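Student: Here is how the chains run, residue by residue.
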Amino acid sequence: MVKVTIDGIEIEVEEGTTILNAARMIGGNVVPPAMCYYSSLEGSGGNCRTCLVEIAEGSTRDPRPMPKLMVSCSTQVQDGMVVKNKTSQRVHENRGAVTEFLLINHPLDCPVCDQAGECHLQDLSFDHGGAGSRFEEEKRTFEPIDIGNKIKLHMNRCILCYRCVKVAEQLTEKRVHGVLHRGEHAEISTYIQKAVESDFSGNMIDVCPVGALTDRTFRFKSRVWFLKPMNATRECKKCPGHATVWMFGEEIYRVTGRKDAYGEIERLDGKTAWICDDCRFETKDPKQWNIEGPRKINRHSVISQNHYEIPNPLKTNVKKSLK
Amino acid sequence: MESLTNRKKVVSDKQMTFLESLYLPVVLAGMAMTFRHMFNKSATIRYPEQQRAFAPVYRGMHVLKRDEQGRENCTACGLCAVACPAEAITMVAGERLPGEEHLYREEKYAVTYEINMIRCIFCGLCEEACPKEAVFLTDRIVPTSFDREDFVYGKNRLVESIDNRIDITKRQHTGKRGKK
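Same order as they appear, the protein sequences are chains A and B.
Heads up: the first sequence at position 7 corresponds to 7 in the numbering used here, and the numbers run straight through without jumps.
Heads up: the second sequence at position 151 corresponds to 151 in the numbering used here, and the numbers run straight through without jumps.
Keep in mind that the hints are not guaranteed to be accurate.
Claimed, not checked - Quick partial rundown of chain B residues pointing at chain A, CB under 10 angstroms, derived from the structure:
(1) ARG46
(2) ALA76
(3) LEU79
(4) ALA81
(5) VAL82
(6) ALA86
(7) VAL92
(8) GLU107
Hints listed in this document are in silico derivations from the structure and should not be mistaken for laboratory results.
Since the model is a prediction, treat every value here as computed from it, not as a measurement.
Beta carbons: idealized from backbone N, C-alpha and C, even for Gly.
Only chain B is shown next, with the shape it has when bound in the complex (with noise of 0.2 angstroms):
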């Protein structure tokens, strides 16, 4: 019967010529078509030699940011954790005491900021949630580590310090923040 489609291929048994039965020709036409990609650019680069660039967008570990004046963003709202589809953050929140005005910018801040990175899936619903730009995901790449233990995060690997800020300006005016 005909076939309704014509994917089907028919198996034939034709004998091979006495050239096919060398091999040779179709060895060495192999062997030009290995040796001309030796000539050609390479696809891959030299890590950790070479880094390629990252996208302006790039979704990598987190920083707690501060504020001009050096204070925590963070108030510990929530909203990140709630967002977080892997449930991978927790906080735990405390009054900012009389003298305090100079680390947390508002009366409440987060005591204890922790992300799991073994949880986290990087989709960066914490940022978007985020209503006191705090939280940021940046271009850095979160190390790796034998102990389980290493991944879980505190303030201490996440809060940006003073001296050596972390730009993520780039992220806030790319994308869906648009240019500000």
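In isolation and in its complexed conformation, chain A is listed as follows (with noise of 0.2 angstroms):
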């Protein structure tokens, strides 16, 4: 066990540690914003720089400061490291920095993006960006495209996280999709637009921090915020069907897993209850779902706007549950 310190608090973690993990084991506002790490995706994290904090203290054997701000998703804790997050000037104002890197070839159409009020990179923008753009040239365009039969690649949107390469690796059997070229070039795509098919593509959606891959079966549907998600289960063959349902009225308008405070696919009996497609695009009757109940939703959310209550409990199947 080795000990840290994060923004003055102290804790104690396992070695190998990542400051990230040590960070969002004390929770609250220490932890740092992550854009392309995921805890349930090996190999992910060190893209985005979003996580950047400043180590004051190096460990008690030699105490000096690292000179350059350290990625807290890949760097590891050492014993008496001191680190500074939120009460760090220099952190701030780098975050700030990376976020305007990030939104250069984003476009402002949030109006339109189905990410929007569930968005990573809006809620990082609304924490560390500007209120302006000073970028004057013109943005990289792609128009949208399919891929597979429910999957739609905004590439515009995209911050190249490689989270979803990632998913397809370590998910599916066959990876058809991945980056193509290199640096301001860069671009997810598939190899000769070939579809994305697999039992479990259907997470690269959920794993995706911004709008770049979205659901084709809830395209334009409806905005999160008049949406009211709530648990469900059923029994699947394929995936633990383990997942949040967005009703709306009577309806499901979509599915998506549980997803916990850092925006990650919660865990079940140890392992990530990654849900498969079936469960995503083609039930989305009420009479499948066994329904639990209303999710808990941080009353900073816009989703938290709607008046958000069970839908007639009477009519549903939430006597079921209760059981």
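Dock the two chains into a complex; use the hints.
Tutor: Now the structure itself:
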């Protein structure tokens, strides 16, 4: 066990833990934001640079500060390390700069985008972004394309976090999409427009921190803050069937995995409860789901703007789950 | 005991004098006051022949604006509906098809957009919330009707027609929005 201090809060964690995970153990607002790191995807992180923190003291043995800001998602803690996140002016300024860079090619189409209201880039720019843009050049633009018959790719919105590539690598048998070209020209694409068809490909929608990958069955149907997220389960042969259904009245508009406070899919019995494409795209009848009840929503979220209650508990099968 | 405030009025049963009991001087004084008002400037106007000028930011019937090229500004983002304290606004979004670029400005548009004018309290929060400068309140008054259904205004009555634009430049350049 090693001792680490983050924003003046001391915590003992196991050796080999990253700074980000140590901060998440403390919780609250000492947790740095992360756009690319995803705890259940191996090898993710280190791309987006939003989780940069200042290390004021390296360790007890060598207490010199690290000269540059470090990526907290891939830097391991050392005994006696002192980390500054919220308390560091440098971190704040740098995060603002990183946000500005992420927004360089990002279109300002939140009113159109289906991710608005649950978008991590929206939250990040709300906290760290500037009021206007200093980018005068033309943004790079792409036409939205269908990858697979259920997923829409808006390359304009992509921030190249590589999460979806990791999903394809680790959850599906054959990866058919990836990042083509390099540097400024890099883009997510499928090999010769080949469709993504796999039982778990829909999870790349859930891991996408922005609205680059969206659900075609939910495209422009409604806004997330008009829907009521309900915890629901279902018996499924391919996956745990542990999901959130987004309801409007008595109808299910879309199905997603259950996401925790960091936007990551919750764990069930030690494993990440990824849901399969059958649950996500094909089962939209409330009778096929066992609806447990409303999901807890952070009151600062725009989703809680809606009047949030059980839509007539007598009509849905809430009672079944109580038995 | 002495009163702590001087708001109390002491009642007296004083007898009227002869002149007072005739009431005539008081009646004449009252009539003089009445007739004097006949020559004063009238406080009312003769509506509907005459109409008062509206304040530049008067909040009346809504309009859904089009841009210079005649394309609808609204993208059905739903911010007006979530801002509306009276829950008067509903909408259904749709995807713009290829070939409809001259009708709608963005790839998403409102297929139906309804404002219930009975629910609406004309607070102007929808106008405030709109990120696309699509919905504005105007100085037009919502006409009366005998049917409740008539007050649910759809896109046919809210979207301005291309030939007959509704001028809202005054609202945009006064008050909080300032001069542009």
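Student: Could you run down the list of hints and mark each one as holding or not?
Tutor: Quick rundown of the hints versus the structure:
Interface restraint check for ARG46(B): the shortest CB-CB distance to chain A comes to about 46 angstroms, outside 10 angstroms, so the restraint is violated. With its C-beta approaching chain A no nearer than about 8 angstroms, ALA76(B) sits inside the 10 angstroms limit, and its interface hint holds. Hint on LEU79(B) holds. Least Cβ distance to chain A is approximately 7 angstroms, under the 10 angstroms limit. At a threshold of 10 angstroms, the smallest CB-CB gap from ALA81(B) to chain A is about 7 angstroms, leaving the interface hint in force.
The interface hint given for VAL82(B) holds, since its Cβ lies 5 angstroms from the closest Cβ of chain A, which is under the 10 angstroms cut-off. Because the beta carbon of ALA86(B) sits about 13 angstroms from the nearest beta carbon in chain A, more than 10 angstroms, this interface hint is broken. Proximity of VAL92(B) to chain A holds as hinted, the smallest CB-CB distance being about 9 angstroms (cut-off 10 angstroms). For the restraint placing GLU107(B) at the interface with chain A, the shortest Cβ-Cβ distance is roughly 6 angstroms, inside the 10 angstroms limit, so the hint holds.
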